[in-house]
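**Student:** The whole structure should be built from the sequences, with the hints applied where relevant.
Chains as they are written, first to last, in our numbering: chain A, 532 to 761; chain B, 2 to 244.
Incorrect hints may appear among the rest.
Computed beta-carbon distance windows for the label pairs [claimed, not checked]: (1) B:Thr150 x A:Tyr550: 27 to 37 Å; (2) B:Ile237 x A:Asp537: 49 to 59 Å; (3) B:Ala68 x A:Asp537: 23 to 33 Å; (4) A:Leu562 x B:Thr19: 35 to 45 Å.
By construction, these hints were calculated from the structure, which means they are not laboratory data.
Using N, Cα and C, we set each Cβ at its ideal position, and we do this for glycine too.
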Amino acid sequence: MFGNLDFDVIRRALPYLFYEGMTFTLTLTFLAALGGLIFGTALALMRLSGLKILGRIAGIYVDFMRSLPLVLVIFWFYFLVPYIGQWVTGASRPISVGAFASSLITFIMFEAAYFSEIMRAGIQSISRGQPAAASALGLTYAQTMRYVVLPQAFRNMLPVLITQTIVLFQDTSLVYVLSITDFLGAASKVAQRDGRLVEMYLFAAVVYFTISCIASYGVRRLQARIAIIR
Amino acid sequence: MNYNWNWGIFFQPNPMGTGTYLDMLLSGLALTLKTAALAWVIALITGSLVGVMRTLPSKGANWFGFAYVEFFRNMPLLVQLFLWFFVLPELLPKGAGTWLKQLPNAPFWTAAIGVGFFMSARVAVQLQAGISSLPRGQKMAATALGLTTAQGYRYVLLPMAFRIILPPLTSEFLNTIKNTAVAITIGLLELTGQARSMQEFSFQVFEAFTAATILYLLVNAVVVTAMRFLERWVAIPGYITGK
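**Tutor:** Structure (structure tokens):
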């Protein structure tokens with residue numbers, strides 16, 4: 532069954548897979564999670580602001596993003612971002628945006644919808660007395676959020692946020708549809724060049740599996756620790 | 002924006018000779034729904050079995066359920082589809098591998114099975130949560146009535162658990178529909194795939210993707226509405242959502 536497999540092809544491709552591919556995947560994951568968290572928190576605050584219009588806008592955005600397949604959203608932004616860039620910079624033709632920038636914008640916008648639901652749950656999990664006490668102390672709305680509500684919401688939701696980031700890490704593999712050299716893209720390019728699909732895809736599966744497993748084990752440990760504190 | 006809008010494109014014949022561009026997108030939608038339906042059947046059946054195993058008193062069954070869920074949850078769906086599509090036929094004995102490769106509609110079957118097993122892990126987690134959310138008295142009462150473990154699950158625990166987890170199952174079903182779009186990578190011409198090929202043939206990028214977006218939103222709305230009715234119909238009397 533594994534008789535005619537050539538595992539040396541993996542060893543030879545290792546530098547390319549990790550220096551090129553995994554670096555791209557991890558950078559994209561990290562920046563998209565960060566951007567998604569910031570935008571997502573803003574969306575959650577809009578939804579809970581009490582201002583009907585802001586809440587509606589955020590709600591529509593979140594529902595819209597969550598009902599579309601990520602692959603379609605990737606295509607959308609890939610073609611749309613050059614036109615938006617043209618509009619913003621006032622250039623005479625659609626500007627070319629690199630593969631990395633295009634996929635980063637896509638994932639930030641897409642993940643913001645998911646992170647905002649998590650942050651909304653986190654903010655709502657904080658008891659009413661906390662913001663009340665904050666305003667009794669004379670803190671403004673911004674200060675209340677910055678010093679009282681958001682730090683606690685973030686801490687409470689940390690396991691869920693990390694789990695969503697693991698999902699994001701796996702989802703970044705979908706930039707494959709734009710022929711970008713992320714980890715899976717690199718594996719696939721080597722696989723097709725050397726005609727070694729089986730070895731390369733098995734190896735990619737093992738790497739994704741190992742990283743996600745370690746990360747979700749970490750989340751379970753973290754959850755156990757937080758559970759004792761509360 | 003110097004982009005040439007042409008909304009009439011949908012009524013122009015497509016280069017495949019299968020009618021208009023709109024027909025092309027609609028056939029993609031049909032394939033999306035067909036793939037999602039088959040994948041959902043697989044996900045529900047295997048997911049329920051694994052979810053039940055995770056709540057059984059047997060250590061072995063628990064461990065198997067845990068390993069199953071971790072296995073299918075910790076790999077990107079795209080990688081899983083590649084494993085089913087490119088790797089599995091090579092690892093099977095020669096005859097079976099060749100048969101698998103020559104299967105007509107191979108992308109369809111691969112997508113349905115791949116997405117199905119991927120989603121089954123999520124169904125299993127939901128069902129496990131549903132069963133463990135039931136008061137322990139339910140299981141004990143079943144035992145006290147002389148029901149076997151199988152009967153207890155069949156008549157007491159599962160009818161309750163499935164109704165409790167109906168809302169999260171709805172979003173998992175919607176995820177199943179969305180996830181079929183990943184199968185574009187193994188050549189399945191579902192809705193996203195058809196929108197992409199329409200864009201390649203006609204260069205009308207935004208019209209093609211707008212149409213696909215609207216179709217996905219419609220499907221979403223229909224599923225959500227249908228599930229609302231189902232939820233109300235099977236609501237458990239005495240619970241907050243009940244009658």
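**Student:** Any hints from earlier that this structure breaks? Give me their numbers in increasing order, please.
**Tutor:** 1
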